[in-house]
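Based on the sequences and whatever the hints tell you, model everything.
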Amino acid sequence: MGVIAIENARLCDPATDALVDGVLLVEDGRIAAINPAAIPAEAERIDAGGLVVAPGIIDLGVFKTDKPAFHFGGITRAALMPDKSPVLDDPGLVQHAARAGKPDFWVHPLAAATRGLAGTELAELAMMKAAGARGVATGRRWIGNSGVMMRVMAYAAALDLTVITHAEDEGLVAQAVATDGETATRLGLPSAPSCAEEIAIARDIALARVTGARLHVRLVTTAAGFALIRAAKAEGLQVSCGVSPAYLFLNDGAVSDFRTFARLSPPLRSEEDRQACIAAVANGTIDVITSSHDPRGPEDKRLPFADAAPGMAGAETLLALSLNLVRDGHLTMPGLMRLLSANPARLLGLDAGCLKAGAPADLIFIDPDVPWRVDSARMAAAAGNTPFDGLPVQGRARRVMKGGVFY
Amino acid sequence: MTPTSPFPHRHLLGIAALAPWEIRYLLDEAEQWIALNRADSRKHDDRLAGLTQINAFFENSTRTLLSFEIAGKRLGADVVNMHAAQSSVKKGETLIDTAVTLNAMRADVIVIRHQSSGAVRLIADRVDCPVLNAGDGRHEHPTQALLDALTIRTRKGSIEGQVVVICGDILHSRVARSNMLCLTSLGAEVRVVAPPTLMPAEVERYAVAPYYDFNAALKDADVVMMLRLQNERMDGAFIPSAREFHSLYGLTPERLALAKPDALVMHPGPMNRGVEILSGVADHPERSAITQQVEMGVAMRMACLDVLTRGTRGVPGWA
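Sequences listed follow chains P and X, in order. The numbering used here applies: residue 1 is where the first sequence begins, and numbers increase by one. The numbering used here applies: residue 408 is where the second sequence begins, and numbers increase by one.
Simulated from the structure, these hints should not be mistaken for laboratory data. Nothing here was measured: the structure is a model prediction, and the numbers come from that model. Treat the hints with care, as some may be off.
Stated by the list, open to error - Stretches of chain X that chain P covers, calculated by requiring three or more beta carbons in the stretch to come under 8 angstroms of a beta carbon on chain P:
1) 526-534
2) 543-552
Unchecked claim - Taking CB as the label site, the calculated pair distances span:
3) P:P36 <-> X:T501: 44 to 50 angstroms
4) X:A726 <-> P:R259: 43 to 49 angstroms
5) P:R259 <-> X:Q637: 26 to 32 angstroms
6) P:R373 <-> X:T501: 26 to 32 angstroms
7) P:C195 <-> X:T659: 56 to 62 angstroms
8) P:A279 <-> X:H490: 51 to 57 angstroms
9) P:A18 <-> X:P427: 55 to 61 angstroms
10) X:A644 <-> P:C195: 17 to 23 angstroms
11) X:A644 <-> P:G212: 35 to 41 angstroms
12) P:A279 <-> X:Q522: 54 to 60 angstroms
13) X:P427 <-> P:Q394: 41 to 47 angstroms
14) X:P427 <-> P:G147: 55 to 61 angstroms
15) P:R115 <-> X:D485: 52 to 58 angstroms
16) X:H490 <-> P:E299: 21 to 27 angstroms
C-beta atoms are modelled at their ideal positions from N, C-alpha and C, and glycine is treated no differently.
Shown next, in the form of structure tokens:
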């Protein structure tokens with residue numbers, strides 16, 4: 001592999017807070033220099049055309065390896081949730097999943113915390129780590145048994161693996177498919193109070209305190225949840241959290257008319273909680289924005305609301321929707337890339353998500369303003385289940401480089 | 408069907424979509440069928456002759472199915488019942504496939520009951536004929552609310568200004584939801600009574616007054632509508648026991664005395680005698696309207712079947 005000089009770029013280094021115009025040098029699949037004194041004569045010169053050049057998005061928590069959608073969305077690596085069939089609770093399965101995307105895409109499997117994700121017996125976390133697992137996840141569900149969860153966290157702490165949890169108290173949630181409120185009541189949908197999240201987070205923070213584990217709550221969606229995360233961080237605990245664009249830009253009114261594309265887990269929340277999500281991005285409580293990509297075909301979604309599977313295809317819209325946060329002044333462009341790339345890399349222990357010499361040349365060329373319209377019938381993803389269908393958006397990745405190669 | 412018709416809706420999926428004058432129009436339309444049904448001899452009007460009515464019931468029902476079947480037959484329709492609770496739906500056929508199948512059989516009107524909220528709408532979106540919701544999950548049961556309104560109007564002269572108390576498992580009840588929408592739309596003062604565990608969140612958004620205390624809610628009531636308490640709710644999950652429920656929320660003669668002296672007693676059936684209602688109240692010759700509700704049900708469903716098929720039948724102004 002030769003030397004590539006990317007010129008006329010607006011370089012977006014997540015470690016800073018401003019874009020810098022200049023040149024980025026790639027050599028042997030890695031970033032060789034930022035704004036070098038001179039461009040080597042043998043370098044292949046690429047004109048970035050004034051686009052923003054940023055580290056590729058690292059998507060912390062997807063449910064399917066869906067390369068066309070990831071490629072469209074500027075996602076170069078994803079942490080794969082263990083909720084597969086079969087469940088990623090075995091070193092062989094983890095190793096297989098880790099190889100699935102290469103070379104143009106890297107999958108970082110998350111090990112199932114418990115066998116079969118049943119929430120009862122510890123899975124072989126150390127062997128799965130050796131096989132390539134980059135974290136431990138409880139899957140789509142919370143682990144209800146506090147004793148089991150404490151052992152998972154203690155064990156993962158010793159392995160230096162982040163524990164990624166789903167925060168909904170199972171007793172409160174039971175069969176619920178919506179958040180308590182006027183919409184759920186009028187539609188006659190089984191619903192649960194939003195404090196199901198607060199209760200789950202409070203317990204998991206308490207267990208992080210006694211075990212010393214690194215805890216990442218994959219999706220936090222309520223004001224009360226953010227308050228707990230903020231307090232835990234202030235206390236000095238290694239607690240972090242994520243959110244997905246759905247919770248930033250939709251409230252529970254989106255499920256009106258029984259729209260199953262808006263059936264998510266956790267369910268969409270009230271408008272007050274939606275605004276709390278925006279505030280939590282702006283004030284730094286939220287560390288990660290994930291697509292929570294979960295493409296689902298008609299067999300899972302064209303069903304009565306309560307029978308439909310939760311989840312949305314989010315990979316293609318992750319960047320465009322997140323760019324709203326920059327346009328609205330909640331984040332700087334490098335600040336957004338911290339949430340989309342640098343922080344996920346740190347939580348997964350990856351040497352990526354940064355714009356410095358020596359780092360892998362996983363780069364995306366972002367045109368932050370180009371307008372396009374979300375169209376669920378014409379998506380790159382394995383399925384078009386997006387609650388943002390028809391929405392006009394701005395911004396997308398024009399080019400994607402993985403390990404120094406354009407794909 | 409046309410925007411200028413007095414009922415510009417293709418389907419009847421819920422009360423929520425109806426304007427007050429549209430509800431009143433359906434009630435007015437039912438009056439003629441009350442008279443026909445009370446006729447001593449032949450109860451027949453053949454305006455739906457040649458049309459096929461499919462009653463697709465994905466959830467077990469006896470009286471609602473029977474009511475729709477009689478209503479269709481009295482109008483001359485060819486009525487077919489599909490007991491989907493025991494059919495291929497159990498074998499994994501999706502609801503959409505079932506809808507497509509029903510549509511391919513060229514039904515002219517489909518009556519659907521399903522255990523899941525929103526399921527009837529899902530089918531309605533994929534068939535070419537009018538669909539009548541006979542109850543979907545906890546969501547809506549519009550013909551029940553209409554027949555209840557018709558009963559109240561018949562007995563009380565009007566609905567506006569009546570104080571209606573709805574008591575029981577409001578949380579899981581589609582009857583309560585449709586009735587809250589219908590009665591408030593027609594100007595009644597509605598109070599809903601339930602233990603806290605069976606009261607939906609933000610129910611006051613329906614412009615109804617929630618009560619946990621049945622006795623307090625009964626003051627000045629013109630109508631007391633009791634709901635059936637499903638057996639599976641009585642096992643301690645939502646209420647401690649049937650007898651404790653009865654002690655707080657059962658309609659007894661003593662409780663009924665707290666309402667107005669001429670207060671009407673209603674129940675959508677089937678009743679749990681001794682749980683939500685005592686026989687002395689349910690069978691009261693002057694106060695109970697429970698059998699009249701059944702009678703109004705047939706007339707109301709005839710009106711709905713007639714109105715919804717006018718476009719198909721080419722009735723002038725409805726095509």
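Would you say the C-beta atoms of P:R115 and X:D485 sit inside 52 to 58 angstroms of each other?
-> holds (57 angstroms)
For the region 526-534 of chain X, do three or more residues have a beta carbon lying closer than 8 angstroms to a beta carbon of chain P?
-> holds (count 3)
Hint check for P:G212 and X:A644 - Cβ pair distance inside 35 to 41 angstroms | Given a distance of about 39 angstroms, which is inside 35 to 41 angstroms, the answer is holds.
State whether the coverage of the region 543-552 of chain X by chain P holds or is violated, taking the criterion as 3 or more residues with Cβ-Cβ distances under 8 angstroms.
-> With 5 residues close enough to chain P, the hint holds.
Can the suggested window of 54 to 60 angstroms be confirmed for the beta-carbon pair P:A279 and X:Q522?
-> violated (40 angstroms)
Range agreement (Cβ of X:P427 with Cβ of P:A18, hint 55 to 61 angstroms) | holds (59 angstroms)
Note whether the CB distance of P:C195 and X:T659 lies within 56 to 62 angstroms or breaks it.
-> With Cβ atoms ~37 angstroms apart, the hint is violated.
Do P:A279 and X:H490 keep their Cβ atoms within the hinted range of 51 to 57 angstroms?
-> holds (53 angstroms)
Kindly confirm whether 43 to 49 angstroms is satisfied by the beta carbon distance between X:A726 and P:R259.
-> violated (32 angstroms)
Are P:R373 and X:T501 spaced within 26 to 32 angstroms by their CB atoms?
-> holds (30 angstroms)
Status of the given 21 to 27 angstroms range, CB of P:E299 versus CB of X:H490 = At 25 angstroms between Cβs, range holds.
Is it true that the C-beta distance of P:R259 to X:Q637 lies inside 26 to 32 angstroms, as the hint says?
-> Given a distance of about 28 angstroms, which is inside 26 to 32 angstroms, the answer is holds.
Violation of the numbered hints given earlier is confined to hints 3, 4, 7 and 12; the remaining hints are satisfied by the structure.
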